[in-house]
Each structure stands twice: as C-alpha cells, then as structure tokens.
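Trainee: Here's the letter readout for the chains.
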Amino acid sequence: MSVWAEGNHARPVLGVAADGEARRATHGAAPGETRPVFPAHAEGDMRVAQEASPALLEVEDLHKHFILPRTMLARLLTGQGNRVVHAVNGVSFVLHEGETLGLVGESGSGKSTLGRTILRLHAPTRGRVWFAGQDVFRLDAAGLRQFRQQAQIVFQNPYASLNPRKTVRQILSVPLALRGLPPRERRIEAEALVERVGLSARHLDQYPHQFSGGQRQRIAIARALAMHPRLIVADEPVSALDVSVQAQIINLLEDLQQELRLTYLFISHDLSVVRHLSNRVAVMYLGQIVEIGPTEPLFRDPLHPYTQALLSAAPGQGRRERIILQGTPPSPLEPPPGCPFHTRCPAVVGEACRTVRPALTERAGGRWVACHLLA
Amino acid sequence: MAPLLAIENLSVEFPSPRGPLRAVDGVNLRVQAGEIVGLIGESGSGKSTVLLAVMGLIARPGRILPGASVRLKGKELTRLSPRAYRGVRGYEIGMVFQDPMTALNPAMPIGEQVRESLKVHRYCRSRTEERERVLQLLEAVGIANPAQRYRAYPHEFSGGMLQRVLIAAALACNPRLLLADEPTTALDVTIQAQILDLLREINRTRNTAILLVSHDIGLAAEFCDRIAVMYAGRIVEVGPAWQVVAAPRHPYTRGLVGCLPVWGGRKGRLEPIPGSLPDLTQLPRGCAFADRCPHAAAECREGEVPLLQLAEGREVACIRAEEVMAG
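Top line first, the protein sequences correspond to chains A and B. At position 18 of the first sequence (counting the first as 1) the number is 18 in the numbering used here, and the numbers step up by one without a gap. At position 90 of the second sequence (counting the first as 1) the number is 90 in the numbering used here, and the numbers step up by one without a gap.
Just chain B, with the same shape it has in the complex (with noise of 0.2 Å):
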C-alpha cells in the first residue's frame, strides 16, 4: 500500500553565523492512511523542523536542500508553487500547535477562526452551510453549547479548551494528515489526557492520520502505533512504540530511556547521557552520538550510518547495533 505521507532524503539548512547549521540532515519517513506516528527527539534534533518541512513552512534564509522528497498520497509537496501549497495547507494537511493560547487570534471570535480554513478552501457552499459544519465541528471537539461559543473570544477559553478550538479548524475541511507539534506539552496532565482522548477518537472515527512531534517518550509509547526517534537532525531508530521504548536498540534510544525516572517505581539512580548534542553546523558525517556512545568504535566515525532494517518494521542507524544489544 503507498503511504499516505513519504519523506524521503529531507535535509533543512539555515544560515548561522558560524556558517549553513543542518537542523535536519537526510531524514526517511513514512506514515500510512490511519496511521499514528511520533516523532520524538530533545529539543534541537530537529523533530520540529520535519512539521515545517512537510506544510512548506520553512521560510528563508532557511532552505530545503535539493534531493528531498515530500510525498502526498503520491503527489510531490516540495517543488508547489507558493499558491498550490496554500491549497494544500489546512486542506489536505491540517496542523494543530504548541501553545493554543498564542495560535490563534485573540480579536476574533473562535467560530470565525474556525470558518476561516472553509471559507479559504471553498470546502462549503454557502455561508450557512459553513456555520453549520463549524457547530458539528465546535461539538465534535467537545465545546458544549457551540452555537452560543461561536461568537465568543479566546480569552474567554481555558488553554484545554482552546487547544480543542485549534484541533477543530485543523480538521476543518476533514484533512487525511494531521501534524500535531506538542499539542499538550503547554497544557495540566488531566487536560492532557482529555485532548489525547480526542485526537485518538478522531484518528479512529475518520481515520485521520496523526504525525505527532513530542519530547515526550512515555507519551508517545502510549499514543503512537510507531516510533521514529530523532537525534541531531537524522532519525537513529523506527519501530512499534512499545517496543522501542522498552527493548530500544540504539544507544542514544537507550540512552534517552535510561534517563527517565521509571513509574514502576525504581528508586535507583538515573542514568544521564554524558556531552552535549553536537555542533550543528559541523556534524561529523559518521554517526552523530559516537562522542557520547560507550559503544562507539572507529569505523562508527569512519562512514554515514544508514538506518539498517532489523526485525519487520524495526529500523535502526547503528553499525555495532548488535553487540549494543548483547550488553
């Protein structure tokens, strides 16, 4: 089956003082009609990039190095017009953001902000009809009594409840795509659970795929079918949620694993990854986290490291892959 979504070889460059920094470097991805996927990474691995990458929202000096590819249902992104990407935005790719009190705008009531996106795609043919669909909309995320909420302002609203405000215009004209960046990172554990509930619901009900940017691993394990863990700029494992959070293959999985104060209640002590990310603008063109694995050997810093297929739908970019396994 094609995927709904193919991200194939998508580098992101912006200039820097010290010269190009690569915030994505060669980046494969792919999500299917339906399907869940988290993209997980601390901040700077360029997990937020990928979001921008995909609704062409990089803006220059920032550049998409030539070579990558961003696929549609089959139809190629990167080579669209200003003009045809805004068809696609909103439409056939719907987004939902980090903070819901600063996306939306503060001097128009949130049903008109939820309109907006029907009224610029044409998806309704009347104006009634487009107030219609916002009611369904405003009911389907659940806000109660929609037609009186309709007029109201967003600091009339809690941040949970404006965050369900955003999730209904990004599902405005009933896109396949829905990119979430942090959705409930701004928002309480209880609320989250609550908008968590609602993007699962929508995913099964309309079959809406999710690509979900998260810093948060034990979130992810929870709501995502798969997982694609990003570090400095490439991805370094993919597999079913579950499994990589609790057999993770790659050094920097197990790494960033081992740093999390464990629910079953463990009381030993946490193990951090020792150094920092890697310089941006001079990554090496081995493997990115050789200069904080125990497992790095010479040859991890001689050649690029490929994402090699392990197990069905287990991929991960780590040469001595096997013997991290062992021990």
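Isolated chain A, as found in the complex (with noise of 0.2 Å):
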C-alpha cells in the first residue's frame, strides 16, 4: 500500500483569506476585473504547453525591504534615518502546477529573500503572492497552516536545517503529527518516507551527525515530503555537496516530480544544474528579474545582457566567448536608478537605462526581459 497515493487525491482546501477573498486557481479572474499581465508560457514552449497545467503560484509586483537600524548617534550624526536592504525589488512571475523554475542569480540578488518571502518565511514589504487562488498574505492562522503544509521548503546545508539532538524518526514525526496522523500510522508513514528518499528503515532512530551530507539532504527531503505538499522552494539544496552525490540528489528530486506531480521554485547559482532541472529559467539581478523564459532558447540565446555575461561567464560549456564583466555589482543598500545593470553593462548605456526603470517586455516565444536596448 503506497501512503503517497491517499494524500494525494483528497487534499485540503485551503482556508479562506480573512476578508473572504477566494480565489480560483487558475488564470481567471474575476469580471470587470483587470489582472496584471504575467511573464506566464506560451504557445511557443513546447515542454510548458505539453503541461497546460494551471498557475499554482502567482506572485505579483513583490518587493522586500531590511531595515537596518541606525543607532540614535548616528542619526543624528548623518542627518539620516535608517538604511533599506532592498533584497527584492519589484518581482512578478508565474509557476504552474507540475513546472520547475529555476531562479539564478549571484549572491545578494535577492533570490532566497525572494524564496522566502513567498513562503511568508519573511514579511513582504509590498506585493502579493497567490498560492492556489489564495492570497498568501492574507491567510489567517488556520489558512497558514495549510498553505505552510503545502508549501514547504529545503534549504541549502543540511548540517545546519536538522536538529542535531532529534533522531530521523522524532524530526519526520513532528510534520506527521502536524497532519493529524496518529502514532501507529506516523511510524509506517515514517517508514515509507526514508525509503522513498533512498535510505532505510534503520536509519530512523539514528541522529543526524551519523550521516553523510548526501544522507541528510535526503533526510530534509523527506521532511517536506511528510507534509504532501505541493509546491517545494528547493533554496540551493545541492550547493553543498560533492559531485557525485550531487547527481544523486538531483535524480531524487526529478523522481519525485514525476511521481507526486510536485512543482519546484529551484533557486541555485549553478547555472548547469539549473538548466539540466527546470522548464523555465528567472535570472535575478539586484532584487529584480531582468529575463525569464524557458530553459532552452534563455541558455542558448540570452537576451538581457546580464544573462549573456552570466552564461558567459560560467566554466564547462567548451570555449564560448567570454564577456568579463568589470567590478562588482551595487549594493542593495544604495542601488543605482534605472536599469540595475546599468553601472557594469558592456552594451550601450543610453539616458534612460541611468534614469528609467526597464520593465519586463515580452518577447516571441514565451520570454520576458527588462531592457530598453531590446524595447
């Protein structure tokens, strides 16, 4: 009897926002109502058509702000207030059920924050994000809950994301009870749980240091797994690890797309495990998406000149040539007007990339890119 197949065909609606706004999940909305318009698929992806499925997740103009506090003498010393991190920075896009995206970008460009914040991990500053139809920031306790058992979340080091004092079976538990499991059934759900991720029922009463790096990523896995979620924000989950057990994850990973119909929001800097998992690809930039589009035609004719010096830049794909970009990008702290490029962009920079924000414009095929040398 496989446990995976019973939560997957009767699964909980979520609650109701608190101002009764339900929304349905997919594209429509309701009437005399305008939605914004999303760098959603197209006809033109053929892997994204085949789907046709719904968007699952819809985020819509979302922007997270740190605020850095300055201390009374320094106020008062500078003449200002506190300092803004400004980690996302304006981000629209779409996921449908069933889809990998791939968001890439370097450090600082806002990609865990932007993970994060739709998780409701971080409070947003502005924006809205819409999971299944629900608006996400307006979940009450109840409606949280289960948006949180539906969405769930594998971070990067598995050294740090387990309890190192708790035994497999005691961390699985938690998520099992939390669905309402009894004991009996949490000890065979358990069961089932380790051995879907590739380790065994041994394994349950040992604790996390008695693992190897590759063991534990999987033993995170099957954490968010014990909740059926639908949607997983995998945040660099393979960074950490060698090679060879690299593969191994990532083989894991697709396995249980297939199987469970998951959809992915997968954020890495490495640019070829991104491009082997994901139907479509986001680069971020400085707090904000400057091309989207899918997988293939995005890595095999980048538009935005970042993505070009990006791919350029990475090692293994033989001897493309290689755009070296000077200096290092702005801080998110003080980031420049205009285009967020513009300060290391190796095309012409024109008055409106220092003064005018470029928005996301849709090209053929399904792509998206904010750029006014391309409008």
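Quick caveat, the hints were computed from the structure, so don't treat them as lab data. Hints may contain errors.
Output of the computed footprint for chain B on chain A, the stretches with three or more beta carbons under 8 Å from beta carbons of chain B [what the hints assert, rightly or not]:
1) 244-250
2) 271-283
3) 299-313
Backbone N, C-alpha and C define an ideal beta-carbon position, used for all residues, glycine too.
Hints in hand, dock the two standalone chains.
Mentor: Below, the structure written as structure tokens:
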C-alpha cells in the first residue's frame, strides 16, 4: 500500500482568507477586474505547453526591504534615517503546477529572500502572492497552517537545517503529527518516507551526525515530503554536496516530481544544474528579474546583457566567447536608479538606462526581458 | 627539462581514533615551469593535503611518511628545517586560499599585508621601495587607486577584491610557483571569471606555474593545461585537460563526468556513482575504487595499481583501462 496515493487525491482546500477573498487557481480573474499580465508560458514553449497546467503560484510586484537600524547617535551625526536593503525589488512571475522554475543569480541578488518571502517566512514590504488562488499574505492562522503544509522548503545546508539532538524518526514525526496522523500511522509513514528518499528503516533511529551530507539532504527532503506539499522551494539544495552526491539528489528530485506532480522553485547559483532541472529560468540581478523564459532558448540565446555575461562566465561550456564584467554588483543598500545593471553593462548605456527602470516586456516564445536596448 | 616541482611517492597520515588515516597515498606529480596543472577530486580525496605538504604545512600529529620527496627546482623540501622552509614559503612558492574573507587579518591595512612577505624575505632594499612594489602589485591585480586603497582594511573590500589582494600578496616576491586552493569557490561566477582571467594573465606574462586545486572539473578543463584526478588519496588519472574530461579513461573519472549536468543541454538522467568513499583508515592494497566500479574484476583488488602510461602524457591507474575504453 502506498501512503503516497492517499494524500494526492484528497488535498485539503486552503482556509478562506480573512477578508473572504477566495480565488480560483486558474488564470481567471473575477469579472470586471483587470489583472496584470505576467511573464507566463506561451505557446512557443513545448515543455510548458504540453503541461497546460494552471498557475499554482502567482507573484505580483513583490518587494522585500530590510531595515538596518542606525543608532540614535549615528542618526544625529549623519542626519539620515535608517538604511534600507532592497533585497527584493518588484518581482512578478507565475509558476505552473508540475513545473520547475529555476531562479539564478549571484549572491545578494535576492533569490533566497524571494523564496522565503513567497513562503511568508519573511513579511513582505509590498506586493501579493497567490497560491492556488489564495492571497498568501492575507491568510488567517488556519489558512496559513494549510498553506505551510502545501508549500515546503528544502535548505542549502543539511548540517544546519536538521536538529542534531533529534533522531530521524523524531524529525519526521513532527510534520506527520501536524497532519493529524495517529502514532501508529506515523511510524508506518515515516518508514515509507525514508525508503522513498533512498534510505532505509534502520536509519530512523539515528541522529543527523551519523549521516553524510547527501544522506542528510535526503532526510531534509523526506521532512518536506511528509507534509504532502504541492510546492517545494529548494534553496540551493545541492550546492553543499560533492558532484557524485549532487547527481543522486538531482535524480531524486526529478523522480519525486514525476511521481507526486510536485512544483519546484529551484534556487541555485549553479547554471548547469538549473539548466538540467528547470522548465523555465528566471535570472535575478539586484532584487529584480531581468530575464525569464523557457530554459533552452534562454541558455542558447540569452537576451539580457547580464544573462549573456553570466552564462559566458560559467565554466564547462566549451570555449564560447567570454564576457568579463567590470566591477562588482552595486550594493542593495543603494540600488542605482534606472536599470539595476547599467553600472556594469557592456552594451551601450543610454540616458534611459540611467534613469528609467526597464519593465519586463514580452518577446517571442514566451520570453520576457527587462532591457531598454531590446525594447 | 627538469620539472619545476616534482612530487614523488608522497604519503600523508593523520592519527584518528580508528587508526592512522591515509589522506594522501603515494602521489607522484610534476609541474613544469610556466604550466597550469589542476588537481581535481571530491572532498576527502586529499587534494588540499597535497598542497599543504608542498608548502610544508602538515601540522603535527599529521606527518609525511618516509620515502616521500618534494623537489622544487631540484631542491629537496621535505628535509628542510622549519627555518629554511620559511625562506621558501612566500618567496619561491606563493599560495592563495579558498576563502579570502578569512585569509586576511581584519585589523591590518591590506597594503601592509601585501608588504609583509616583502619584509620577511628582505626582497627590497628600503621601505620606500617596498611600498612602491606593493602599489605596483595592487595595480597589477586590478585594484584601482592603489595609493588610496593601501591603508584600507579588508572589510572595505568585496570578496573578489580581497582575492585580488591575496593574489598580490602571493606574488609579492615573484615566485615561480603559485599554489591555489579553490581560489574562486567562495566567489560568484562573474567574479570567478575575473579572477581566473587575472591568474591566466599572470601565468602568461610572468611565466608563473600554477598548481590549482579544485572540485570543479569544468573549470579545470578550461583553465588548466593538464589535470590530475585524485580519488581516496591517490592519483587515478593524469593527462591534457580537455582529453581527460572529454575522453576519461579511468572508471572514476568517467563516473565523475557522468554526474555532471552537461552544458550541451542533454536532458537525460544523471548517472551518479554508486556507493561512497572508502574508509581512509583502511585503504585496500588494490584499487580503492574497485567496490564502486562497474568494471572491477578480482585482480583489481589483489595488488597495487600503478599509474600506467597510455598515450603521450596520458596516465591511468587502472589495470582494465583497455576494457573500459572498449566500453
């Protein structure tokens, strides 16, 4: 008997949001309401097109700013208020059921903050996130609990994300208890879970330190699966692992997606891993998405100058002409006006680049790019 | 031509609760003047320990086993006194570490940190000359306004800039050999490209040989002239960089390449290597990879497996290399 079959046909419906606003999961907006157009899939993309699945997650102009408080003395001396880190700065995209969206960008580009804000692990500064038609930021306590069941996260470092004082069984029984399983069923399901991620029942009574990095990441994945999620935000899940172990975890993630129709937001700085796993890819720079589109066209023919430089800089792709960018990304404390990339852009920088922030605009083949020079 | 660096029969052991742990086991490696050699392997393969052994930085209770030889320009390093070794480090061999944020002293201006090795080795005749050379070095590694940046502290720099400072310090006395332990692993990919570009330029203009330790095969294939692949403390394959990656001969190298998501866009399944690293306290006499190898036969486990010469410059430690090549 597969414990997996059970959870899949009877998914709980999310609690209705506090203001009674309940949305349908499809693209349909209420009559008379205009919804912004998002960089979604288009007919050009075969892989996404064949899925033809509804949007599971819609992110709409999401901002997350962190306040860095200054001391009273510093405020008096500088005559300025607190400083603000613009970690996520107006991000919109759609994620379809069963799809993998790869989120790439360098450190500080805001990709992890974006993933966490979507899951409401950070409170947003501004913007909306719709999950299965529900406004995530307006869920009441019960609705939030159900949302958290359906949207899980796997972190980068399995050495830090597992409690060292708990056995695998204890780690897994927390989400199973939250799902309301009685102890006997928890035991059975815990066994099924560890076996599903490639460990065995004898591992259940061991502690995290007794496992290798790859095994720990399997446990972290089992913990996420225990909730029967629909969406998994995977934040650099293979970056801390050696390549041979990395390949095992990538294969596991692919198998689980097939079997359970999971949707992944796959955050990584490793372009070859993202290319391998993703249906579509979003490229972030300084808190904004500069380009998003189906994986292969984006990798073969990047449109945005930053995407071009990023892809050319990655090793292991043959001897393509390398674009070496000058300098380092600007600080998210003081993002430049206009295009976030204009300070390093090797393409011609016009007046508009310095002053007007380019909007993501649609190109052929379901691709979207934010660049004045391509408009 | 005599090699710049010749490592012969290098073995390093560390005591552990389960008995002596053999981190490096009988490594032979040569680096020619002006050459870039990559030492590739997964964590625990012993690649960093080889670099530390060359630098004479294996701290007690770890030890280099007798019978090992590390020669730089013909001079034996393993028998040097600690004092004599200090004359080699930073003077004849420079070293760049993985994490530039922790490799520098946070309480000392970066210019002074670059000047330190000039001072220690009495490279210049006067302080003015030292300062002059530090400014030249900072300029050469791409730090703008070196005169202003001389007094700046590490926290005022980004990771990529700090790595440039470290490279400047490693090059201060114009060593013929630069050891680089994962010099770009802590950096973003566009910054990594800048640093690799800089190292390549140094290699070309100064003819400085580089021994690079990396876990990234793709990076090594592009950056290095030759690659040596390590597994469980032993070198299992050596050859011209592109050949090793494009046509690996050792089953382990093949496995490693099979694990990589390929840039060509192949969407097939990755092929992980089954099993895990052997226990380094109980290394087998025979091939250490035999338990995970699809081609293993009884004789693989019987005796030592030496590096066998294949074509010119190509060596493989596999007695079944020909069968492996055949498929």
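Trainee: All hints are to be evaluated individually against the structure, with a verdict given for each.
Mentor: Against the structure, the hints:
no. : hint    : result
1   : 244-250 : holds (count 6)
2   : 271-283 : holds (count 6)
3   : 299-313 : holds (count 6)
Consistency note: the structure conflicts with none of the earlier hints.
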